[in-house]
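*Asks:* Same order as they appear, the protein sequences are chains H and L. Those letters in the first sequence? Residues 7 to 263, per the working numbering, in order. Those letters in the second sequence? Residues 4 to 513, per the working numbering, in order.
No lab work stands behind these hints, which were simulated from the structure alone. C-beta atoms are modelled at their ideal positions from N, C-alpha and C, and glycine is treated no differently. Do not rely on the hints blindly, as some may be mistaken.
Said to hold, decoys possible - Restraint-style ranges between C-beta atoms, simulated for each label pair:
(1) H/GLN87 <-> L/PRO165: 20 to 28 Å
(2) L/ARG425 <-> H/GLU197: 34 to 42 Å
(3) H/LEU135 <-> L/GLU332: 26 to 34 Å
(4) L/LEU344 <-> H/MET114: 38 to 46 Å
(5) L/LEU429 <-> H/PRO226: 41 to 49 Å
(6) H/PRO207 <-> L/ASP488: 19 to 27 Å
(7) H/LEU135 <-> L/LYS234: 53 to 61 Å
(8) H/GLU178 <-> L/VAL190: 51 to 59 Å
(9) H/PRO138 <-> L/ASN430: 36 to 44 Å
(10) H/PRO139 <-> L/ASP311: 24 to 32 Å
Below, each chain spelled out in residue letters.
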Amino acid sequence: MKRPLIAATMLLAPLSAQAQEVGEIVSFVSCPVYRDADNGRKSGCWLVRDGGSGHQWDVSQSPHKPNWDYAVFVEGRVADQGEDICGAPVLEPVRTSRLLDRRCPRHMLPAEGYPGRVFIAPDRYLTSLANPPEFEDPFGPRTFYAFFEFDRDFLVYQYSDFIVQQAAYWIEAAQPRRLVVTGYAATDPIEVSGVELAESPEIAQRRAEVVALTLSRLLPGMEIETRWETGSQPIDVPDADTIPGQSQRRVEIAVEF
Amino acid sequence: MLKRVKQPRQMRFGRALPVIVAAGAFAAASAYASAGESAADERWWSPGEGRVFPEVLDYENEHGTLRTLLVGGPLDTRGHPFFEPISSNGRACVTCHQPSDGMSLSAETARDRWDVTNGVDPLFAAYDGSNCPNLPQGERASHSLLLDRGLFRIQRQWPPAPRLGEEVVPDFTIEVVRDPNGCNSGVEYGPENGRISVYRRPRPIGNMKYLLAVGFNFDPKQGLALPRDPKTGDYLSGNLMADNRAFTLEEQMDDAGLTHLEMLRDLTADERDTIKAFELSLFAAQQAGRGGAVDDSGAQGGPAVLRDAEPGELGSIGFPVWGEFAAWEDISAEDRTRLTLEQVEFRESVARGARVFRERTFLVSDSAGVTTQMGFGNPFRVACKMCHNMTRMGNDVAPGQVDLGTTSLPFADHFDDLPLFRITCLNDPHPYYGREILTYDPGFALSTGRCADVGKITLQSMRGLASRAPYFSNGSAPDLRAVIDYYERRYNIGYTEQEKQDLVNLMSVL
């Protein structure tokens, strides 16, 4: 238990707004505020104030956005922001995980002149069935990683679903012997904004089963073994977008030939 | 403005001959051909008439003319299982899927049929064409839900049947708060007897290639890959039925055969294939409205485009939703001299309505299916096309189970004549309604057994709307304006009166 708590504290130590430089990581728990900017579809802003530093952040770029009824666990890196789009400095990359046991009062701000972001389809956008990607040899043992919101097993749209879909296309082309799907849960507690956070051990199994079910639908007949582990530690893989906590909440798809 | 002509409905754009032939055949064969019916009911297709279904079939409605195209038509319907009364109650599929009503059934048509037959048409079968089979069947009041709001009784098994081969263990309990029709209580009905009655509109069975289409292999609302048909290996669209209880046309047919048709046997494989082939050959849409033909002056309305286009395209990355009417944004000087002022203004209104549909954003909140786990957040700002995203059809490219609130309190309109259920979530509470939910129809949750799915109803096609009022799964919107008014109330959109009228005009020509 000790080691992860220490590691998390080092990574997530509260810093004042003045001290926070581009690329530094910020982590806190707080209630979200929706700013009703209107620059077309999905252009509204999500703002969350870090009670430790008093600083408010624009967390709108999270792949899983807040619910205004509940607190969010924010993990993000200070972005090199140009234009002030939503009325707060930007965290990007950023993750916001909804904490459904911590209610918040709904609060919405008007646009107040802030434009909000024009929605641009993310790079991780599902491939249509009409245009599947093509992969060619050489194929060999490989591991894919899919990531989750805190304490959840949902393959979120335009992030984890894309990762698993692309993995399935590669696997389909590679024709491996079998897959080993291992779910991980970040069960070692960390303290963030005075809140002790730890994922439930069961979520590791559920993550593995959700990904295995999805792969069984995408790859009928493929042999898939599921495993699960608690006490997940951070890893450095691209699709975790440099967020250590995100990398802990994962499933690994090991492709065996 | 076109007037509605009831007897007989005037052919405006179609080929007259097939309908003339069909009318003659009908007069000879209809079991209900009587003095009270006469030519009336060239418009009504009775089971076993033996009419010819023409390649092009037009019917007027209050907004203009609906056209149905039958690829490979004309079709002699004699012996055809969609048209023959293969049931035990005298019905055929066509009873509740009428060509004049966009292959659905309007409440007005039901009322016409009641008047013409004094309520003895098989349409009013006790099983589901009345509020409950145990009511006195000769009385109009016993059929009020069908006659007033076009609703059929849907009896769902409780607990739900296995789904995709897996046992369904509900994570909620369901109690009956109010049972105005007697079909959710007593010794025969109700959850305790394994039978839950809800009341729903029949969904249109034209344009099926769009409802079966799969653009992507994921269901973003469930966070899973789409399931596949175990027989064919094809991905399943999840867009056929209001509660997504049937994944394939074959499953839907079997369900309808055992319930609506009260068949005493299973459909044969040949019958299924024949019905499926017919349904996949039908394309229905409004062909003319107050602005004239909807494929005039560069517009692409009407069913011919539906017949020829590829289904499953996402409007945000392909042809824009209701881009069919973009040409009417800039009506030429030549057309302005050719058309009446009313026609020009109507076309301009339709074109504006299409833009409002795509571009006028509003805040969507507390709508399970899109504001829960997909990642968009709650609330989020979008336009109508966010959910109604399939090019040319207006349904959802992904499985379209969303809770608009039309069936659950506090958002649903008030109805004393519908059953009211209390759902109690046993594990996590519903994200917006809480642990206890009052609902007229749990919708998708009756298939999945999940509290989180209470109130979700599958989006359906928006084509042919003009012919098949009322709207929403429980018929709560009597006309197109009422649809817009519901959305306005539900999401506090702030549409201007002009925007509302433009949207109504758009929907009237789809």
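*Asks:* Does each hint fit the structure? Answer for all of them.
*Replies:* Hints and how they fare:
Distance hint check: the CB atoms of H/GLN87 and L/PRO165 are about 52 Å apart, inconsistent with the given range 20 to 28 Å. Judged by the Cβ atoms, the range 34 to 42 Å given for L/ARG425 and H/GLU197 holds: they are separated by roughly 40 Å. Take H/LEU135 and L/GLU332: their Cβ atoms lie about 32 Å apart, and the range 26 to 34 Å holds. Checking the proposed 38 to 46 Å range against L/LEU344 and H/MET114 shows it holds: the Cβ atoms sit about 43 Å from each other.
For the hinted restraint 41 to 49 Å between L/LEU429 and H/PRO226, the CB-CB distance of approximately 34 Å leaves it violated. Checked against the hint of 19 to 27 Å, the pair H/PRO207 and L/ASP488 fails, with Cβ atoms roughly 49 Å apart. Between H/LEU135 and L/LYS234 the C-beta distance comes to about 19 Å, which lies outside the given range of 53 to 61 Å. Separated by about 54 Å at the C-beta atoms, H/GLU178 and L/VAL190 satisfy the suggested range of 51 to 59 Å.
Between H/PRO138 and L/ASN430 the C-beta distance comes to about 38 Å, which sits within the given range of 36 to 44 Å. The hint said 24 to 32 Å for the Cβ distance between H/PRO139 and L/ASP311, and at roughly 29 Å that hint holds.
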